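Colleague: Each chain is listed here by its residues.
There are 2 protein chains.
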Amino acid sequence: MVLPRAAKTQRRTRIQEEKEERILEAALEVFSASGFRGSTIDQIAEVAGMSKPNLLYYFRTKEAMHRALIDRVLDTWLDPLREFNAEGNPVAEIRSYIRRKLEMARDFPRESRLFANEVLQGAPHIEDELKGPLKQLVDEKAEVIRAWAKAGKIANCDPYHLIFAIWSTTQHYADFDVQVRAVLGQEQAGDGRFEDAARFLERLFVDGLQVRE
Amino acid sequence: MVLPRAAKTQRRTRIQEEKEERILEAALEVFSASGFRGSTIDQIAEVAGMSKPNLLYYFRTKEAMHRALIDRVLDTWLDPLREFNAEGNPVAEIRSYIRRKLEMARDFPRESRLFANEVLQGAPHIEDELKGPLKQLVDEKAEVIRAWAKAGKIANCDPYHLIFAIWSTTQHYADFDVQVRAVLGQEQAGDGRFEDAARFLERLFVDGLQVRE
DNA sequence: TGATAATTTGACCGGTTGGTAAACATTACA
DNA sequence: TGTAATGTTTACCAACCGGTCAAATTATCA
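Residue numbers (numbering that gives the first Met the number 0), protein chains in the order written: chain A, 0 to 212; chain B, 0 to 212.
Everything labelled a hint here was simulated from the structure, so no lab data went into it. Mixed in with the good hints there might be a few duds.
[Claimed, not checked] Cβ-to-Cβ under 10 Å is the rule here; a few derived chain B residues that face chain A:
(1) SER95
(2) TYR96
(3) TYR172
(4) VAL182
(5) ARG198
[Unchecked claim] Non-contacting residues of chain A with respect to chain B, defined by C-beta distances greater than 12 Å in every case (computed):
(6) THR12
(7) GLY37
(8) ALA85
(9) GLN120
(10) ASN155
[Stated by the list, open to error] Output of the computed footprint for chain A on chain B, the stretches with three or more beta carbons under 8 Å from beta carbons of chain A:
(11) 33–39
(12) 42–48
Since the model is a prediction, treat every value here as computed from it, not as a measurement. We put the beta carbon where it would ideally sit given N, CA and C, even for glycine.
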C-alpha cells in the first residue's frame, strides 16, 4: 500500500529524516536565491541530488516545501530578538543585539534572503506569522525599550523604529550583499566588511541613543 | 512592410510614445511586485491593457522591457545621493538626505522594490550599473564624508557604511512595507509611519554622528 | 481618396513547469 | 526468508510561458 505522507505524522523513519533534511537544505539554497515563484522543483531536486518525483514523495507540493522551510527557519531567525533582556544594561543589550544580528547576516545569509524575498513580494505565504508571533514578540520587546527610555537609561525614541533600524542595517549585509561588494570593491578579501559594519553600527546606535540634553 | 523596432530609433510617433509609456508603467507595477522571473508578459500586458503580441511589438523580449525600465528608473533613483552637497553643512546635508530618501520610499515604493528584487537575487541584470556608475557615485560622496570627518565636522566614521545605513533604514519602509505594517498594526491610518521614521532616523544619525570626546 | 506604413490581433509553437500514475526497487520486520 | 510497507524511477500530462507569424485593422500623408 502507498501511504506516503500520512506516515510522517506518526513515525519518521531514518530515511525520511535524512531525505527531508537534504530537501530542506536544497530548498533553502534555491528559494533564497530566486524567491518562491522564481524557483523550480527541478532546481531543488538537482541541488538535493534526487529526482523530482522522489522529492514530491516527501513534500506533496512546492508550497508544502516552502512552508516547511519557513516553519523551520523562522524560529531560529527570531532568536536574537528573543535574547533581548529587559534586566540587562540597555546599551550593552542593544550593542550585543546588533552584533548577533550581524553575525547571522554573515553566517546565515540564505535565511535572511528567504524572508526578504518573501516580504518583498508582499509576504503571500507568511502573512499570519508576521501579524501573529512576530508582532507579538516585537510588541513585547518594544515595551522593554520604552521602559528603558522612560527610566532615562537611553534617549527617548520610538522603540518600533529602533527595531526596524537595527533589522534593516544588519540584514542589509545579507540581503544586498552583491551591492555591498560592488560598492566596496571586490578587492576586499573575506568578511572584513562585517567587522567594519559592526564597528560603525555599534557606535552609531550607542551614541545615537545616548541620553543628552 | 513591417519595420517595427527599427523605426523607433529614428523617429517616435505619438502612439509609440504613449504605448511605451503605458508598458513601462505596467512593467514597473509587475516587476516590482514579483521580480523578473516571477513576472510574466501576460501579467504586464493585462495591467497595460493590451495584448501580449502588441506588447512584444514595442519590446522584442521580456529582458528588453526590464532593461528599458531599469535604465529609465535608475537615474531618478540616485538623484538624492547626487544632491548631496560637499559645501553644505554636514549635519544638515545628512538630515536632508535621509528626508529625501524617506520621501522616495513613501512616494516611489515600486521603484525601490524593483531594485531590491534585482539585487536580492544577485543583480543578474544590473551588475554593470552597480560596479560602474553606482560605485563611482558612492566613491565620490564617500570622499566628501571622509573630508567632513577629517575636518572634525562630524564623528570619524566609515563613510561607506554610513551610506549603507542610510540606504537600508530608509528603503526598509518601501521594501518591507508589509512587515512594517504588520508589526505596527494596520490601525495606523495613512503615512504616519513615515513621519515617525523621519523623526527617529534624523535624530539617530544626527546624534550618532556628533563629534564627541 | 487611395496607397503605404504602422499597429493590433488570434492562432499557434516549442520548451518549461508543477504534478501524477504506475511499475520497480528496497527496506523493515514477523 | 518472505512479504508487506516504504522508497524510487520512468514516462507522462495539462497548463503555462516566452515568443512568432500572418492576416487584419488603423493611422499617415501625397
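Colleague: Taking the hints in turn, state whether each one holds.
Modeller: Verification of the hints:
1. SER95: violated (18 Å)
2. TYR96: violated (15 Å)
3. TYR172: holds (8 Å)
4. VAL182: With Cβ-Cβ at 5 Å, under 10 Å, it holds.
5. ARG198: Constraint on ARG198 (chain B) satisfied, holds at 7 Å.
6. THR12: holds (36 Å)
7. GLY37: Contrary to the label, GLY37 (chain A) does not stay out of reach of chain B, its closest Cβ about 4 Å off (not over 12 Å).
8. ALA85: The claim stands: ALA85 (chain A) keeps its Cβ more than 12 Å from every Cβ of chain B (closest is about 19 Å).
9. GLN120: Its Cβ does come within 12 Å of chain B, the nearest being 6 Å, so this is violated.
10. ASN155: It is violated; ASN155 (chain A) is separated from chain B by about 9 Å at its closest Cβ, not greater than 12 Å.
11. 33–39: With 5 residues in contact (Cβ-Cβ under 8 Å with chain A), the coverage given for the segment 33–39 of chain B holds.
12. 42–48: violated (count 0)
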